[in-house]
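Colleague: Residue-level listing of the chains:
Number of protein chains: 2
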Amino acid sequence: MRVAIPLYPGFTALDAVGPYTVLAAAPGVAVTFVAAEPGPVRDEQGTLALTATASFDEPPGYDVIVVPGGTGTVPALSDRRLLDWIARADATTRWTTSVCSGSFLLGAAGLLRGRRATTHWGFTGQLAAFGAVPVEERVVVDGKIVTAAGVSAGVDMALWLLAEMTDEETAKTVQLAIEYDPAPPYEAGSAKTAPRERAERALSWVLRQTAAA
Amino acid sequence: MRVAIPLYPGFTALDAVGPYTVLAAAPGVAVTFVAAEPGPVRDEQGTLALTATASFDEPPGYDVIVVPGGTGTVPALSDRRLLDWIARADATTRWTTSVCSGSFLLGAAGLLRGRRATTHWGFTGQLAAFGAVPVEERVVVDGKIVTAAGVSAGVDMALWLLAEMTDEETAKTVQLAIEYDPAPPYEAGSAKTAPRERAERALSWVLRQTAAA
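Residue numbers (this note's numbering), protein chains in the order written: chain Z, 3 to 215; chain C, 3 to 215.
It should be emphasised that the hints constitute simulated quantities derived from the structure, not laboratory data. Hints should not be assumed to be uniformly reliable.
As the list makes no split between identical chains, a pair holds if one copy fits it or if it spans any two.
Result set (SDA-like, lysine to any residue): computed pairs, CA atoms no more than 20 Å apart in a straight line [to be verified]: (1) Lys146 with Pro187; (2) Lys194 with Glu171; (3) Lys194 with Glu138; (4) Lys194 with Thr172; (5) Lys146 with Leu85; (6) Lys194 with Gln211; (7) Lys146 with Arg83.
Given these sequences and hints, build the entire structure.
Modeller: Printed below as a string of C-alpha cells:
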C-alpha cells in the first residue's frame with residue numbers, strides 16, 4: 003500500500019512523523035514524502051527539515067494521503083501546486099486524511115464541502131469557511147475523508163486508519179511495537195477542560211510560530 | 003535553554019520528533035539536531051531523512067540532550083564519534099536523556115553504571131550489560147539521567163522534562179497547544195498485557211527494520 007505525506011514550508015513535524023511512524027511500521031506499507039521539489043523542507047520552527055523524495059509534478063497514484071498542519075498552513079492556502087496535488091491525489095485515494103490545520107488544505111482543495119471535519123481546537127469553527135461541518139472530536143470520519151484534531155491526534159488517527167487499511171491485529175501489533183501506552187504527566191491536553199487563560203496562552207504560542215515561519 | 007538531539011543512521015524518527023515538538027514549542031527553548039556531519043540523516047525505515055545543522059566536532063555546551071533510539075542503535079554502539087559526543091555533552095548538561103533504545107547509547111558512553119534505566123520493552127533486561135539497573139517503567143529518572151520506554155514514550159518524558167526545565171504551567175500549556183489528550187483506538191500499547199504471539203510479532207517487525215537499516 004502506498005501512502006504519501008505532502009510537505010510544505012512551516013508544517014508541524016509531529017503531524018507528519020506521528021502518522022508516518024505508525025503506518026510505515028506495518029509490513030507492506032510504503033510512505034513517501036512529497037514536496038514542491040525533492041529535498042529538505044523546513045518545519046514551522048525553522049530548525050528542523052524533513053527530506054521529500056518526490057515532487058508535486060509526479061502523478062500521485064497513492065492509496066492514502068496524510069496532509070499535515072502547521073502554522074505554514076496560512077500561506078499554503080494559496081499554494082496552487084500543493085492544492086492541485088491534493089485534489090489530484092484525492093481522485094485515486096482510498097483514504098484522504100489530515101492532521102491539525104491540514105484540514106484547511108483539504109478544504110482549500112475543495113474536498114470538505116458538506117463534510118464533517120475537525121482540526122486544532124483553536125480553529126475548529128473556521129472550517130465552516132470551506133463548507134465543512136466543524137466537529138470537535140479527536141478523529142472525524144466522513145466517507146473517505148478522515149481529519150484529526152491537533153498535532154498529537156495524528157497518531158491516534160493513524161492507528162485507526164491502519165486497521166482500516168489492513169486489519170485490527172496489525173494496528174494493535176504496531177501500537178505495541180511503538181509502545182503507545184500513553185501516560186502524560188498531566189491531564190492538560192484537552193481544550194474542553196483547560197482554564198481560559200492557559201488556552202489563550204497556548205494559542206498565542208502557536209501564533210508566535212506563525213510569525214516565525 | 004539549549005537542547006540537542008543527536009542523529010545517526012537508523013534512528014527512529016518519532017523518538018526524536020516527539021520530544022522535539024514538545025520542547026521546541028516552549029518559549030526560550032532552542033533545539034539543535036546534531037550528527038556526524040551537518041545534513042540529512044536517514045531513519046531506520048530508510049525513507050525519511052531529518053536534517054542536522056551541527057556536527058559532533060563542535061563543542062556541545064547544551065543544557066539538555068535527548069538521544070533517540072532506533073534499529074540503528076546496534077551499529078551505533080561502536081560509533082566512537084557519537085559516543086564521545088554523548089559523553090562530552092553529558093559533562094555540562096543539566097539533563098541527559100534518551101528514548102527507546104537510545105539508552106543503550108548512554109550505556110555505551112559509560113553513563114548508566116549503577117543507574118536505574120529503561121528502554122523498549124523488548125530489550126529492557128539487556129541494559130544490565132552496561133551496568134544499569136533495568137526498570138520497566140515509562141519514564142525513569144535517576145539523578146540527571148532520564149530514560150524513556152519505547153518510541154512514543156518520548157512525548158511523555160519530554161512533558162515531564164519541560165516542567166523541570168521551566169515550570170509545570172509551561173508544560174501544561176504545551177500539552178494543550180499540541181492537543182496531547184491521547185485516545186488510541188485500542189488498549190494495545192503495553193507489553194504487560196499483550197498476548198505473547200502479538201509481542202513476538204511486534205519484535206519481529208522491529209528486527210525486520212534492523213535488517214533494512
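Colleague: Between the shortest in-copy and the shortest cross-copy C-alpha distance, which are at most 20 Å for lysine 194 and threonine 172: within, between, both, or neither?
Modeller: Between. Shortest inter-copy distance 18 Å satisfies the 20 Å Cα cut-off; intra-copy 32 Å does not.
Colleague: How would you label the pair lysine 146, arginine 83 (within, between, both, or neither) given a Cα cut-off of 20 Å?
Modeller: Neither. Shortest intra-copy (22 Å) and inter-copy (48 Å) distances fail the 20 Å Cα cut-off.
Colleague: Between the shortest in-copy and the shortest cross-copy C-alpha distance, which are at most 20 Å for lysine 194 and glutamine 211: within, between, both, or neither?
Modeller: Neither. Shortest intra-copy (23 Å) and inter-copy (39 Å) distances fail the 20 Å Cα cut-off.
Colleague: Up to 20 Å between alpha-carbons, please classify lysine 146 paired with leucine 85: within, between, both or neither.
Modeller: Within one copy only: 18 Å inside a chain, 47 Å across chains, cut-off 20 Å.
Colleague: Under a CA distance limit of 20 Å, which applies to lysine 194 and glutamate 171: within one copy, between copies, both, or neither?
Modeller: Intra 32 Å, inter 17 Å, cutoff 20 Å: inter-copy only.
Colleague: My question is about lysine 146 and proline 187: at a cut-off of 20 Å on alpha-carbon distance, are they close within one copy, between copies, both, or neither?
Modeller: between (35 Å within a copy, 18 Å between copies)
Colleague: Is the C-alpha distance from lysine 194 to glutamate 138 at most 20 Å within one copy, between copies, in both cases, or in neither?
Modeller: So lysine 194 and glutamate 138 pass the 20 Å test inside one copy only (10 Å; across, 33 Å).
Of the numbered hints stated above, those contradicted by the structure are hints 6 and 7, listed in ascending order.
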